[in-house]
Amino acid sequence: MTDAEIRAVALATLLSIAPEVEADQLRGDRPLRNQVDLDSMDWLNFLLGLHEKLKVDIPEADYARLITLDDVVAYLQKKLGAG
Amino acid sequence: MIEFKLPALGSDMDEGTLLEWKVGVGDTVKKGQVMAIVDTTKAAVDIESWQEGTVYQLIAEIGQKMPVGTLMATLLEAGETAPAGVGAGSLCAPGIPLRGQVTAKPMPTAAPAVAIAAPAAAPAAAPAPATRRMVSPAARKHAEEKGVDLDRITGTGPRGAVTLEDVEAAAALKQAPAAKVADKAAEKLADMRKTIAAAMSRSKREIPHYYVAEDIPLAKALAWLQAANAQRSMAERLLPAALLLKAVALALKRYPELNGYWRQENGNAGFVPVAAINLGVAISLRQGGLIAPALLHAEHKPLTLLMQELTDLVKRTRAGSLRSSEMSEATITVTNLGDQGSLAVFGVITPPQVALVGFGRIAERPWADNGGLKVLPVVTASLSADHRVSDGHRGALFLLELNDLLQRPEELDQ
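In order, the protein sequence lines correspond to chains S and X. Letter by letter, the first sequence follows residues 1339 to 1421 of the working numbering. Letter by letter, the second sequence follows residues 2 to 415 of the working numbering.
Among the hints, a few may not be true.
Derived DSSO-like pairs: lysine-lysine, alpha-carbon spacing no greater than 27 Å straight-line [to be verified]:
1. X:K31 / X:K195
2. S:K1391 / X:K316
3. X:K23 / X:K316
4. S:K1393 / X:K195
Covered stretches of chain S (chain X as the covering partner; in silico rule of three or more C-beta atoms under 8 Å from a C-beta of chain X) [what the hints assert, rightly or not]:
5. 1339-1349
6. 1366-1378
7. 1405-1416
Which residues of chain X face chain S? A partial, calculated answer using Cβ under 10 Å [said to hold, decoys possible]:
8. E62
9. K66
10. P68
11. T71
12. M235
13. A236
14. V315
15. R317
16. S343
17. L344
18. A345
Calculated directly from the structure, the hints in this document are not laboratory data. Yeah, the Cβ is synthetic: ideal placement off N, Cα and C, and Gly gets one too.
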């Protein structure tokens, strides 16, 4: 998958949890949870949605590395590449 | 004859609007089965039956706004026969199948049933012709008023039935798409704020609150959680919220004066303890406002089940599909600001409850221990409680018990 395809999956997953999000207003290099009102349950569901769509396991120890949308895309790309 | 009345789903509810019947005349209803969906200004709530019986009459109309206590339907108890001269049926919708009701079943009756509101030419229990679209009466009426063509609407009800909501959505789109929908959302939000304002004002007016707080180190609890989650699939992982909720439930077993209701009836007022520990969990809604539906019998549930139920409760709260028992049976409220919130919260008690437990954000903080200084994850737990029922000393002991339980996280998973 390309970065753009992974980003599209991530945004679609995000929108399913927070429908009010305007995807074109999101900055990929800014902390996602500063831009979108996501509580811990939303965040867990976001990562779970990515896991289900991309078949990538995301250990809890890695959660802290996933701050921005760019972080998420790069992390998933690496995981998909390794798989 | 069993009377099915609109229940009060919390102290802040005075009235509700019937959105949909989930049963039809003649249906056998079990205890806990959803009878209807009612809009309470805060959410669309599934109203459950508290008794078993057979639906005899549906009295409330779809779209009808009614005060709490209004008789919505009647049911016959097992073995009971219909009273003479009173006919079974839907008093509001003769001849037109309701959502979820295609054909009415024959009723056990001692006398010939007479459909009260049904003209002879339109028998109440007539099944819909196979080619006829299923449209609720309120939806049909609304479509006529708004000039909406029913054939152009895709029904979202059972078997494609067109509901009032479908018609409203089509009418909104027809007139002024974005503005109308936005107006409706704003109106709904304003209604919710009014409801919250009324309940919270009443609470502050009537309940003499006192507040106590305790900083609780969570190093052991989070280490245990991390180890437990490492053994679990992503879908089964636990959040710290599950540990906090379970600890509250167990601590309440030793402090029953915090779990129950302040009742005022016939000039007598007093505290009524409740054996079951039903935690009202404050859940924020994406469009604004909050609801605190209950996790029932939290004290008996292992963490995995509690987490599953919490996840389900949040999902259904935000989707607007709560059950009446979840809305009316909370015995105490817990508000957890989570990892994005402030360090501490001191909440307003939801009457007739007598206490509220608040958790701030879990954050790393300096922690003095044995003459040394460490950096530990810490949460501030607070208790807002009703001084008519308990005192600050007992409240402080409750928080110490909570602290103690969270230092032994493995014991919470039982």
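Against the 27 Å threshold, does the CA-CA distance of K31 (chain X) and K195 (chain X) hold or violate the hint?
violated (35 Å)
Have a go at the M235 (chain X) hint: is there a Cβ in chain S nearer than 10 Å to its own Cβ?
holds (5 Å)
Between K23 (chain X) and K316 (chain X), does the CA-CA distance stay at or below 27 Å?
This hinted pair holds, its Cα atoms lying about 21 Å apart.
Grab the minimum C-beta distance from A236 (chain X) to chain S and call the hint holds if it beats 10 Å, violated otherwise.
With a minimum Cβ separation of about 6 Å from chain S (threshold 10 Å), the hint on A236 (chain X) holds.
Evaluation of the interface hint that places T71 (chain X) against chain S, nearest CB under 10 Å:
violated (34 Å)
Was the hint right that K66 (chain X) lines chain S, CB cutoff 10 Å?
violated (28 Å)
Are three or more residues of the region 1339-1349 of chain S within 8 Å, CB to CB, of chain X?
violated (count 0)
Count residues of the region 1366-1378 of chain S with a Cβ under 8 Å from any Cβ of chain X, then say if the count reaches three.
Three-residue rule met by the region 1366-1378 of chain S, so holds; n is 5.
Between K1393 (chain S) and K195 (chain X), is the straight-line Cα distance small enough, at 27 Å or below?
violated (45 Å)
Does R317 (chain X) pass the interface hint, meaning its C-beta sits closer than 10 Å to a C-beta of chain S?
violated (12 Å)
If you take the shortest Cβ to Cβ gap from L344 (chain X) to chain S, is it below 10 Å?
violated (16 Å)
Next pair to validate is K1391 (chain S) with K316 (chain X); report whether the Cα-Cα distance is within 27 Å.
The given pair, whose Cα atoms are some 19 Å apart, holds under the 27 Å limit.
The earlier numbered hints that this structure contradicts are 1, 4, 5, 7, 8, 9, 10, 11, 15, 16, 17 and 18.
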